[in-house]
Each structure stands twice: as structure tokens, then as C-alpha cells.
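Take the sequences, apply the hints, and build the full model.
Spelled out from the first residue to the last, the chains are:
2 protein chains.
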Amino acid sequence: MKIIVDVMGGDNAPNSNIKGALEAIKENDIQIIFVGPKELIETELNKYQYSKDKIEIINADEKIENDDEPTQAIRKKTNSSMVIGLNALAEGLGDGFISAGNTGALLAGSIFIIKRLEDIDRAAITVLYPTIKGMSLLVDAGANMDSKPEYLRQFAIMGYIYTKEVLGKSNPTVGLINVGSEKTKGNLLSKEAFKLLESEEINFIGNIEGRDLPFGVADVMVCDGFVGNVVLKVTEGVAESIFSMLKKELTSSKKSKFGALLLKNELSNLKKALDYREYGGAPLLGIRKPVVKAHGSSDDYAIKNGINQLIRYIDKDIIKIIESQL
Amino acid sequence: MKIIVDVMGGDNAPNSNIKGALEAIKENDIQIIFVGPKELIETELNKYQYSKDKIEIINADEKIENDDEPTQAIRKKTNSSMVIGLNALAEGLGDGFISAGNTGALLAGSIFIIKRLEDIDRAAITVLYPTIKGMSLLVDAGANMDSKPEYLRQFAIMGYIYTKEVLGKSNPTVGLINVGSEKTKGNLLSKEAFKLLESEEINFIGNIEGRDLPFGVADVMVCDGFVGNVVLKVTEGVAESIFSMLKKELTSSKKSKFGALLLKNELSNLKKALDYREYGGAPLLGIRKPVVKAHGSSDDYAIKNGINQLIRYIDKDIIKIIESQL
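Protein chains in written order, with my numbering: chain A, 1410 to 1735; chain B, 1410 to 1735.
Source of the hints: derived by calculation from the structure; they are not laboratory data. Check before you lean on any hint, since a few could be wrong.
Copies of the same chain look alike in the list, so a pair counts if it fits in one copy or across any two.
[Stated by the list, open to error] Mimicking BS3-like on lysine-lysine, the simulated pairs with C-alpha atoms at most 25 Å apart in a straight line are:
1) LYS1673 - LYS1657
2) LYS1673 - LYS1663
3) LYS1463 - LYS1600
4) LYS1666 - LYS1542
5) LYS1666 - LYS1656
6) LYS1435 - LYS1604
7) LYS1681 - LYS1594
8) LYS1656 - LYS1673
9) LYS1656 - LYS1680
10) LYS1592 - LYS1428
11) LYS1592 - LYS1485
12) LYS1573 - LYS1681
13) LYS1524 - LYS1594
14) LYS1680 - LYS1663
Note that the coordinates shown come from a computational prediction; the quantities given were computed from them, not determined experimentally.
Quick look at the structure:
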């Protein structure tokens, strides 16, 4: 199995991407294709001991930045690590692609270069959403505005399959994000989508409300991309704001600093519970080959785990299962 | 000025509603009309010292429950404290109405009994949303699914006026909840609403993203009711889940319990920062008379503050200002 790694994507590129990939090689019987500036990669690789026969490099001198307009970036930066990496995947040089770069560009590039599955109307961005019970899969986390009920049906089926096969949850629960638990609640989209989801064999548990999401009420949380983006960002913002207030309080006096010191382990446990790093990444769903998006602030540990997830994505032949179900 | 109080609404009814109203009488030159079971109110009133000439009671034997279907409840429970209270407001027996009861029923009742303002397409539920800079007003917090751009324009204007006049923020900022900061981002609704908001004199600061809401990026946060409900409930859920994890960690060992004891004040400051009680309630906007919804779990302090807010809502003649601007 060959994994193509976007060396230049993410806040800690290239170091973490390379280090994480080398760690993944130790744990798995895989080969890595690094895509990025050749000399930079070689210099970085010199810091580590690794089996040379497990590594290939494809040169790519450009880089897609986080604030590049996605579609423009894919069209114009044809020498970027992301575009060249996706082309390598399309050409069959590797079995899957991982990037911690610009999410919108990765989605646009995957659709342009890898193409959507035939029976899929829209590809979706997924995100592993932290809950007190572990991670849930949020689909769609921001790819598609003004979704139609049929898109949500497809997101639900793809999310169910991925969660079952790759995240290893047997018969995961699927919930529809809505403003009330009753079937008749919500907007036109959610009411119609409810009817479609009801008749699928996906362990649909009905509507789920915002308040219950962080408590892990469903393993797969389905919604329109506008709503998914708002859910995700509000969650990040609330957690961040509470931690910033907590930090301020804990450093407000000598006594509070001492108290905080006694609670060091407990506070770090709390942060860890909200940590994306254990999972490393989440798949783009609905395209013809496996692509995983790693978190923008991924360190080497997150990249390694993202690659491990990509390996299962490939190994379990998720895309074939999705095709056969749709 | 006469304030009509729904004695039976809320988790702590009737005690907190009555106690809070009696406290409001001490602070303001107002009269209170209590609506609810007469004997129950009299028994409760006997616990306190108060000026009898400032109190009236209107008997109402029924109660609208939190899980009653709103429209049905308003139509069928004609002897409920909420319906009788709203009728008293419509007939001019009082100047404003406050209830901590079923939000949907209060909205439906206000529209049926008090009626919408002539130039308003949809009445909105607002909520005071906790941020690290204080409270922001969220409009619409869940009344209207599938909003049109014009509704959002009206929500923005009403929210701006209320925040300026009642919450006392001079030239408050107005933001449109969206998935990106650029004008071209979002769904069809947000793109069209952006254009409308741009041309209003309401200190519109553009799109605001989920992540920034808890940091107080805008004083007035405008969105469709589906999105507003999700924002509100996700915020509550995330805060609750973090506090529940924190509590678990802080009681996990003797050492952590001691640390937590040292941090007692700081942790209570943190909870206080997220506390709705200081504000007590938020207005329904777009109807012909002042109605304030107090939080369902309001204690007497919250009810008192809700009444104080209702007094300013009446005193500043907000509804006339809204009418003249629309």
C-alpha cells in the first residue's frame, strides 16, 4: 500500500508531516510518497533513520496557502504539493492521499482531479467531533450550502459506512441535526430529509438537538454544510472561550495558581478529551479515491493517526461499499 | 406602569416569579398584575411584606407545560396564566408581559393575541447570548424556519434598536452569522441578507463566524431561526459538557478536591460569566406590545432583572421606534 503525503499542508509543515509519516511506516507495512520541494524533504529526512526503500519523493515547488481561494488555487497552483499529490492519486501512483492543508482547496481539488462517485450528487467534508463519549462523525461539515434532502440521505449512508468500517463502531447511530426531537420539527430540508433517512437501513435514531451533540447522542451527525460549519465553529469557539476564561481565573492570584498546579493532570485530561490528535483526520466522502483531511494544526502524532485512518479507509475498500449501497 | 407577570411559567414557578416581582417593586415605581391560581398566589404572597396597593391578581387556573405543543396550548388552554396574561396585555390592563414558560407558546400566543406589527413579516425570539465581553443579542433564536432575506433585515433593525435603547450599548455592532467572513460566502439566504444589511444604518460589521460568537464579536447576531436555535443549543451543550468533565476531574482524587477547593471562587466566577441571570430575559420582537421571555430556569433574581428589562422596553417606547424605522 502506498500513501501519498502532502508535505506542505498544515501549520506544522513540513516537519510534522514528514515525522508523522515516518512513524506510520514503523507501525504499518506501507510505503510513503512525499509530495513537496525535493531538497527540503531530503534535508528533513536526513534528521531521521528510516528504510529508504519505503520512501519516494515527488517534487512540487508551490504551496497552497490557507487563505487562498480554493477553486482558484487548484486551477492556478498546478505545481503545488496538493495538486500534484492529487494527480498522483488520480494516476494510481498511490492508494490514498492525506493533507493538512486548505480544506476548501482539498475538496475542490478532489472533485476536479479525483472526481465524484457516479451516484453521489455532492461530496462532503467530514469532521471528527469531540463528545464526552469519544468522537462522532459530522457530515457535512461545510462543503455544501443549500443542500437538498437527497444530499443528506447520501451523507448519512456514507457516514454510516465509514463510521462502521473505519472507526470500528458496530451499527453506529445516525442522527439528523434539528431544532427539536419530533419528526415534524425543523425547516423544509430537515423535514424532507427525515423521511428519506427513516427508510434507510442505517440505524437512524431521528432528530438530534444542538444541546445533545457534545454528549455523544449519535455516532454520525448529519446536516447541511452551512449548519455543520456553524456547529463545528461554535463548538470550537465555546470551548476556546471557556478555556481562556479558565486560564485567566487560574492565574489570577497566588492561591489560584497553587490550586491550578495541584490540578495540572486533571486540567490536561480535560484538554485531551477535546483533542483531535488521537484521530488525526477525517475523510472526504463521495469521491472516487480515499482522501483524508488532517487537522490544520496537526503535529506528527496527529499525522501518524491520520495515516492510520487512511490505511483503514483503503484497506476496508470503503468506496466500493459506498458504491454498492447507493 | 403595570407589569403583567405569568406566575406559572418556568421551572421555579410560582415562588421565584412572585418573589422576583416583589423585589422589582422595591426597585421601581411600578405595579404588578399576577396571573395564576388566585389562592396559590395569595398563600405565596403571605410569606412576604409588600405594599398591597401595588399588587393585583387575575385568576387563571390552567398552566401551559413546557412540553405542550405551542399552538395547540394557546388555542385550548384558554384559562392558562399565559393566555389570560396575554389577553390582559392586549386589552391594555397592563403595559408589558413577562413569562418564563414555554417559549414556543409565548411566541404563538403573542402573535395570535397581541398581533404582529404591521410592517413586520415575522416576529422573532431573541436570546441574550453569553460572551467573554458580556451578553450579545441573538435574533432569531428559533422562531422562524426557512427565513427570507427580508426577515433577516427586519430582525437586524429590531435587534439594533433594542440593544441600543434597552441594553444601553451606544451604536451596537450587528453581524450576520455565516460560514466565512467574505461577502460572497454562505448560502443563498446569507448572501442576499448581506446585501440588504449593508444598506441599512445599523452599524453592520459583515459576516461573523461561529468561532467568534463566544468572544463577543458583535452585539447583535442575526440569523435564520434554525441556525439560531442550533447556535444557542450547541453553546449550552458544549459549556455543560465541559463543566461536567471539569467536575468529574476535580472530584477524581483527594488532591484534585483540595485543588478545587482553593479555586472555589475562581470556578464560581467562571460559571457566573456564563450566567443568564444578570439579564433575566430577552424580548420577543416584532409584536405590538412589550413581551419578555425569561429563562425557563429563572430564579427570583433573574425574574427581577427580566422585569427591569421589560420596564426599559416599555419606558423607551421601543415598539414605536421600530415602527418608525420600518
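**OP:** Provide an ascending list of the numbers of those earlier hints which the structure does not satisfy.
**Re:** Failing hints, ascending: 3, 6, 7 and 10.
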